[in-house]
Amino acid sequence: MSVVIETQKLTRVFRTYKKQEGVKGSLRGLFKRDYTEKKAAYDLDIQIEEGEVVAFLGPNGAGKTTTLKMLSGLLHASSGDARVLGYQPWKREHPFLKQIALVMGQRNQLWWDLPAIESFNLQRDIYEVPNQLYKERLAELIEVLDMSKIINTAVRKLSLGERMKCEMVAALLHQPKVLLLDEPTIGLDVIMQKKIRSFIKDYNQKYGATILLTSHYMDDVAALAQRTLVINHGRMVYEGSLAELTERFAPNKVLAVTFSSPVSTADLGVLGQVVENQEVQARIQVPRAAVAERAAALFQKFPVADLSIEEPQLDDIIHDLFTETNKAEIGNENKAVEGEKVTELAGVKP
Amino acid sequence: MVYRWNILFYTFLSILPALIAIFLWNAIYKNQNNPEAIRYITTYYVVASWVNWRVAQHQWPIMWQIKEGQLATDLLRPMSYPAKTFWYEVGGRTWSTLISFPFFIVLALAMGSNFVTPNNIFPWLFALLAFVISYVMSFFLTASLGLLTIWQNQPEGFFTLYDVASKWLGGALVPLALMPGWIGDWLQWLPFAYLYSLPVKIFMGMPFEQILQGFAVQLGWLTLSCIFFSWVWRKALDRYEVFEGK
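Note that the protein sequences, when read in sequence, are chains A and B.
Read in my numbering, the first sequence has 9 at position 9, and its numbers run on one by one without any break.
If you want my numbering, it's the 1-based position in the second sequence plus 1000.
Derived by calculation from the structure, the hints in this document are not laboratory data.
There's no promise every hint is true.
[As the list claims (entries may be wrong)] If you want the ones that stay clear, here's a sample from chain A, every Cβ over 12 Å from chain B, calculated:
1) Arg15
2) Ile126
3) Arg294
4) Asp315
[Unchecked claim] One side of the interface only, derived from the structure: several residues of chain A facing chain B at Cβ under 8 Å:
5) Thr11
6) Val13
7) Phe14
8) Lys18
9) Lys19
10) Gln20
11) Leu75
12) Gln281
Glycine residues also receive a C-beta, built at the ideal position from the N, C-alpha and C atoms.
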């Protein structure tokens, strides 16, 4: 499998004007401006092989969308390099642009006042898709996404879910080899989310497209991603499979047990950390490796009526991961500040 | 239907400034018994208002495309954004020209003998050529202006200043011949005179040597504006941060 997306120390820095509040701040800003530099993406090293579906996770402001924009050529990198299909994205060469698609859940590429079919026809001309191939692909996409009733309706009159389906069609008419999806299911109802996920999965399997997707919905990640990249404050904090992520950052499982008669928290405490104990129902957190042993002990020592073993929610795992990395970031900043203070006290100029 | 009425109203508005100017200047010259001046002014404003409304101001649509994120969508496509913007406007202007043509015909006919047309084909052709060059030059100048939105996201005031200044300095509002001597001489060397005035003056009758000189200066400004636009476009792509909307 060849590497389709590769970055080396990819960095993007945004310089923003830090305006002071109030009238005084506004006047001061006329003569002296303070700027802050934010590293939206910092030293990212990414490798994605052909045909992979990779989830790109991170909290708001982590740098996911910035990275996708650099990989699609919308943004120039401040430093470092990126190659997508062998091209440097921000050179925006037409052969490169004809092979990629960027779908952003909050952005619309369709003509607002015209029926979607007009936008599709325009896409055909822009991407130079042969007419016969265009008709075949369009027919297939319309059938799979069940869109025959909406393609002749002005886009502004479509619901969000219908518009999203049209956006997907517009993005895939030229059969891109690399698909960059930025929160493709945002704002959609559960049924539509499932449809879009299923569609993306089928597209990957049928055409071997390489897909990099960002999402805040863990169901998207669980359903689609073979591998996960986690970014926080512009830096990569994790790279690997979901299973590895779960093992590494969720070393425990939860035994959810129903007793025939109440059991005290103190008694349950010998098996693991009691997360919850409400008369006859309790939840006990135990190390992953010791699940079988503790479950057996539970049956031996207590009147168990029912038992289920719960995996931690992916949301909680990611949340814990972000919290840990945030603490680490604050810790590093504090060390840096303390280092400066020590240096000052020692009379050494920084 | 709403869009069609909108275009009709907008097209009708394109002749109003000419009508107002013609009536105003007619009132000024009425008591001076100067039919030549009236013919000059009438012809000037009919043709100048046509040129004024046909020379597109690209800074406004580009500004909105940047503010609303449409630029990002176009940058993702395998096409030249400047070319797309240019030809999109050409399409729109061609359509509005076709629709407005009857209105200008009516206006010209209503002016009667006060609207003087050239008596051979060459002024028509040279004027049209000058207009085409001015259209392309306007694209480069105003598109460069529009791209300033990437650095300064509230450029409306500056754009309006350019609109008014370019038309005033270019003779679209007042003929340059009526400006004080030293101003008129100085304005001949700015690009604005070649956006608006040159096509009108060629139509109204200009010695061939002056036409050639006019074309030479116009092509010089076209070249400079093209180079300037290329530079601004490269800088803009470097700087562009992809606004997510207003």
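Please flag the earlier hints that this structure goes against, numbers listed from lowest up.
As far as the earlier hints go, 1, 2, 5, 6, 8, 9, 10 and 12 are violated by this structure, in ascending order.
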